[in-house]
Amino acid sequence: MLAYIIRRLIYAIPILIGVNLLTFALFFVVNTPEQMARVQLGDKHVTEEAVQEWKAQRGYDKPLLINGEAEGAGTFTETIFFEKSLSLFALDFGKSDAGRNIAADIEQRMWPSLAVALPTFIIGISVNIAFALFVVMFRASIFDTSAMILCVGLMSVSGVFYVIAGQFFFAKEWSLVPISGYLGGADAWRFLLLPVIIGVISGIGGGTRLYRTLFLEEANKDYVRTARAKGVAELTVLFRHILPNGMIPILTSVVVVIPSLFMGSLLVESFFGIPGLGSYTLDAIQAQDFAIVRSMVFLGSVLYIIGLLLTDISYTLVDPRVRLS
Amino acid sequence: MNTQGSLVVAALAVAFTFLTSGCSEGAWNNPHPADEAGKNILYSNFSGPPKHLDPVISYSSDEGRFIDQIYDPPLQYHYLKRPFELEPNTLSSMPEIVYLDAEGNEVASDSPDLAYSDYLFELTPGIYYQPHPALALDTSGAPVYAFESSDDAAPYSSLNDFSETGTRELVAGDYAYQLKRLADPTLLSPIRGLMSEYILGMNEFAEIAKAEREAQQEGEWLDLRTLDFSGVEVIDRYRFRIRLKGKYPQFSYWLAFHFFAPIPFEADRFYSMPGMADRNITLDWYPIGTGPYMMTQNDPNEAIILEKNPNYRDDFYPAEGEISDRAAGLLDDAGQKIPFIDKVVYRLEKESIPLWSKFLQGYYDRSGIASDSFDQAISVGSEGIGLSDEMRERGISLDVAVTPGTYYFGFNMLDDVIGDTGSAEEREKKRLLRQAIAIIYDQEEYISIFYNGRGETAMSPIPPGIFGYQEGQEGMNESVFDWVDGEAVRKNTEVARDLMVKAGYPDGRDAETGEPLVLNLDTVGSGGSAAQSWLIKQFKKIGIQLNIRGTDYNRFKDKMKAGNAQMFQWGWLADYPDAENFLFLLYGPNGQVVTQGAGVNSSNFDNARYNALFEEMKLMENSPERMEIIREMIDILHHEMPWASSFHPHSYVLNNAWVYNSKPHGISKSVLKYLRIDPEQRARMQAEWNSPVLWPLFMVVVIILVTALPGYLAYRRRLNHRIRPAGGDK
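In order, the protein sequence lines correspond to chains A and B.
Read left to right, the first sequence gives residues 1 to 325 (our numbering).
Read left to right, the second sequence gives residues 1 to 730 (our numbering).
Incorrect hints may have been included.
To be verified - Which bits of chain B does chain A cover? Going by a derived footprint, with three or more residues having C-beta under 8 Å, they are:
no.: 1; region: 270-279
no.: 2; region: 686-693
As the list claims (entries may be wrong) - Below 20 Å or equal to it, Euclidean Cα-Cα: the simulated EDC-like pairs (lysine to aspartate or glutamate) are:
no.: 3; chain 1: B; residue 1: K561; chain 2: A; residue 2: E48
no.: 4; chain 1: B; residue 1: K210; chain 2: A; residue 2: E69
no.: 5; chain 1: A; residue 1: K62; chain 2: B; residue 2: E214
As the list claims (entries may be wrong) - The following label-pair restraints were derived from C-beta to C-beta distances:
no.: 6; chain 1: A; residue 1: S260; chain 2: B; residue 2: S47; range: 50 to 56 Å
no.: 7; chain 1: B; residue 1: R509; chain 2: A; residue 2: E173; range: 53 to 59 Å
no.: 8; chain 1: A; residue 1: S156; chain 2: B; residue 2: V700; range: 18 to 24 Å
no.: 9; chain 1: B; residue 1: Q297; chain 2: A; residue 2: I66; range: 45 to 51 Å
I should point out that these hints are in silico values taken from the structure, not numbers from a laboratory.
The beta-carbon is built from N, C-alpha and C at its ideal position, and this holds for glycine as well.
Please build the complete structure, drawing on both the sequences and the hints.
Spelled out as structure tokens, the structure:
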């Protein structure tokens with residue numbers, strides 16, 4: 001397995017270079033270093049000298065990809081792309097274009113993101129699986145049909161609607177929770193309650209339908225029929241037989257997102273004023289802060305690759321037939 | 001009850017206890033910590049993280065609202081008096097201005113030999129800095145914090161981690177130090193270019209500072225005290241002098257900006273220590289000042305907190321103001337020691353709906369009015385604009401003021417179709433075309449629809465309250481309006497159509513080719529908005545086809561810089577309350593194209609007479625002579641029409657009933673020290689407005705039970721179901 005993991009990590013390097021190159025190209029198609037300087041320096045009284053000084057201080061005074069004036073390897077190394085990309089592979093994110101240490105910011109902001117994403121993820125998965133098993137138990141009955149209609153209804157509603165409706169009723173009309181905001185420490189749960197509930201409810205429709213399909217496939221297999229024929233109780237059939245065997249495809253969709261939970265949610269963090277990495281990225285895009293954007297895209301890619309690797313490893317844990325080689 | 005039932009009941013009991021225990025000290029939806037209830041704390045908000053808090057870099061009003069409570073420039077604006085009036089802040093009196101010739105001899109202010117202006121400042125003794133680790137000294141007088149390497153900084157992640165703090169008296173050298181920082185090109189002060197035109201020796205100092213920095217090792221502190229700056233002289237502990245090239249009357253206004261606030265050299269040394277920047281401990285993040293407040297938390301992801309500076313000098317609420325101020329209760333606290341409020345908490349609020357809801361719940365003390373809340377807050381009746389009944393019942397008050405700014409719809413005067421180009425005859429025709437557009441551009445309707453009436457049509461770039469503003473018929477733009485029954489009435493569309501004929505475009509078609517006239521509005525965005533549809537409709541009144549060329553902000557700026565835009569919408573908010581700061585928007589040498597984007601004259605208007613008058617007016621004190629010149633300049637604008645239309649926006653601020661002494665000040669942000677709140681009244685109102693409604697919680701439990709019960713019964717039925725052999729019983 002170790003050889004497999006090492007091979008996968010080596011494969012990740014060209015992928016990350018590609019992602020970095022793509023981010024770089026997309027960003028600089030839309031923004032030139034001069035435009036970035038003007039955004040940072042403001043609109044009033046900005047002289048060309050100040051723009052050039054800003055670019056020089058942040059290393060944006062070099063060519064983007066190829067330096068025709070340099071010789072030898074300098075043609076590629078004395079460029080914005082090379083200088084800004086190399087340190088990323090050592091997970092050295094450097095400073096933002098506004099002058100702040102990005103690693104320190106990420107370290108600070110990943111906790112609120114996790115505080116929302118982790119309970120939403122765990123509760124959401126649990127509720128979806130439980131609800132899907134319930135529906136499978138009553139398959140082809142009025143419960144099944146009603147539950148599927150409910151799921152399709154829940155899926156059809158925009159996430160923004162859940163947020164606005166939740167804020168309106170729970171926070172404004174009924175005064176049960178704060179409408180938005182965030183406080184650290186022991187007060188945090190009051191601000192997390194509503195976003196977590198909304199996150200769970202908005203995910204029930206899609207999650208339940210997916211898991212129901214997976215469990216139904218298992219429920220029709222011979223070993224389940226055999227278990228029932230032996231007189232095993234229905235709940236035992238569901239939880240001891242169907243659930244573990246249905247976990248392999250569930251793992252595919254679940255494990256891969258676990259590392260990405262650090263990255264936060266743009267929608268939830270923005271509407272609820274949660275100071276996580278989702279809103280950090282959004283703010284950076286709006287401020288045209290390339291240093292933060294490339295760092296966050298790079299970090300997201302790394303976490304996604306780790307997620308895929310963990311998924312592969314988790315297969316071997318839940319299914320002894322799978323061998324990584 | 002069986003085991004499962006007991007578990008459910010126990011879980012519900014625990015959840016209920018948890019819920020109620022956490023909220024027992026206040027309303028459940030209170031977004032502030034429970035232990036702050038009833039304290040003298042003002043709650044406000046911000047929509048995005050401030051980029052800069054270093055007074056030499058910051059140039060945004062969103063940042064000024066924080067740092068202007070902390071930094072103390074030499075001058076400040078009187079809080080209540082209008083028109084705006086400067087007064088000493090840290091000075092014992094207004095700066096003494098002496099005019100000199102090239103040899104250094106004193107001359108009159110209007111002397112043709114005038115070569116320099118000397119500003120002499122004398123500080124009030126006994127002003128002290130806020131407690132700050134940069135000023136902490138040990139018993140030998142050496143700094144407590146002096147790091148040799150970045151490892152020394154490892155234990156510190158924010159300014160609050162430094163346990164030792166100190167203070168010292170404000171001295172003249174601190175102002176000189178900040179002026180040197182202003183001149184240092186590596187710090188990228190946005191006004192360095194502008195100030196180097198006036199402050200003697202600034203460019204020379206910049207060269208020296210740059211060379212010194214290049215000679216240093218990376219991260220090494222450059223003590224600016226060691227470098228000479230010929231335009232700045234520290235005379236003694238409390239006095240310093242700034243020498244300007246020529247005369248620049250507007251310089252006094254700049255002296256009320258945080259750009260000129262003092263910075264102790266110790267702070268520069270402290271923040272330059274190894275490892276500090278890597279931990280985001282910088283002057284750009286943690287200000288140090290002598291003002292009424294100090295920043296005790298800067299976490300723009302959550303909250304920015306200002307607390308009363310314990311070392312703040314004796315400062316008192318003003319005893320004079322406008323005539324109406326006494327009736328409005330704004331002089332009730334005259335002579336009282338300020339600041340009144342102990343702590344100010346700014347919370348991050350990106351969305352307008354939660355912000356508005358929290359204001360109505362009493363959790364924010366003050367609020368602006370977003371468009372989607374306007375109808376709830378404001379009622380428009382025959383008596384004009386006022387608060388809605390709902391707001392009145394809550395005791396909310398409304399502050400309305402004209403913002404010292406101008407938003408305009410401009411023409412690019414370098415454009416071949418609509419600009420001031422070609423032969424004299426062609427230029428006149430293009431002028432008539434611009435006038436026709438100005439007539440059909442119904443600014444009043446635009447303000448009514450898209451600004452909820454929050455603005456007034458401008459007759460010139462100068463807004464009300466600024467010297468040079470002309471009211472009534474005298475100030476009316478006669479090219480666009482007629483004076484009818486005591487008010488300015490827009491000329492009707494027929495007049496515009498006649499002008500189109502004279503301009504060579506009868507019914508919007510070229511008289512020679514018959515081609516329809518298509519004009520382009522360059523704007524930011526994708527197009528298709530209601531405002532753009534409205535604009536297309538306006539232009540159609542005289543047959544012009546308006547084409548909206550939407551693009552992103554960067555491209556738009558590039559177009560403006562290159563002079564490729566044809567028509568555009570832009571705005572300007574004043575730096576200081578002087579006509580020069582508005583009329584320079586159309587001063588030729590300030591053109592965007594000629595300055596490569598640095599200028600503020602977006603229309604690239606370049607009229608020789610106007611330019612000459614501007615240069616004369618700029619150097620004058622406010623006087624009838626200056627007024628005459630301004631009048632002539634505005635007449636030129638009325639005739640040449642570089643802008644189709646413009647308006648001055650109004651600011652609306654709502655205050656909850658427990659907020660006192662609120663008076664909008666369009667220029668100064670340093671107003672927090674005058675505000676007062678009644679925290680007990682706030683606590684009462686919050687409790688009254690935010691009583692939790694519990695029946696929905698019980699409803700949720702009932703719904704879950706009602707939904708689960710049939711399922712449970714069906715499950716039981718299935719378990720007890722007997723499998724019968726095919727064919728039934730035999």
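Outcome of the hint check:
For the region 270-279 of chain B, the stated coverage by chain A is satisfied: 3 residues place a CB nearer than 8 Å to a CB of that chain, which reaches the threshold of 3. Check result for the region 686-693 of chain B against chain A: holds, 4 residues qualifying (beta carbon to beta carbon below 8 Å, three or more required). Only pairs whose Cα atoms come within 20 Å are accepted, and K561(B) paired with E48(A) is accepted, the gap being roughly 12 Å. A C-alpha spacing of about 25 Å is found between K210(B) and E69(A), which places the hinted pair above 20 Å, so the restraint is violated.
Between the alpha carbons of K62(A) and E214(B) the distance comes to roughly 19 Å, so the proposed pair stays at or under 20 Å and holds. A C-beta distance of roughly 27 Å is found between S260(A) and S47(B), which places it outside the suggested range of 50 to 56 Å. With their beta carbons about 58 Å apart, R509(B) and E173(A) fall inside the hinted range of 53 to 59 Å. Range check, S156(A) to V700(B): about 22 Å between beta-carbon atoms, so the 18 to 24 Å window is met.
Between Q297(B) and I66(A) the beta carbons are some 46 Å apart, a value that agrees with the proposed interval 45 to 51 Å.
The structure shown violates the earlier hints numbered 4, 6.
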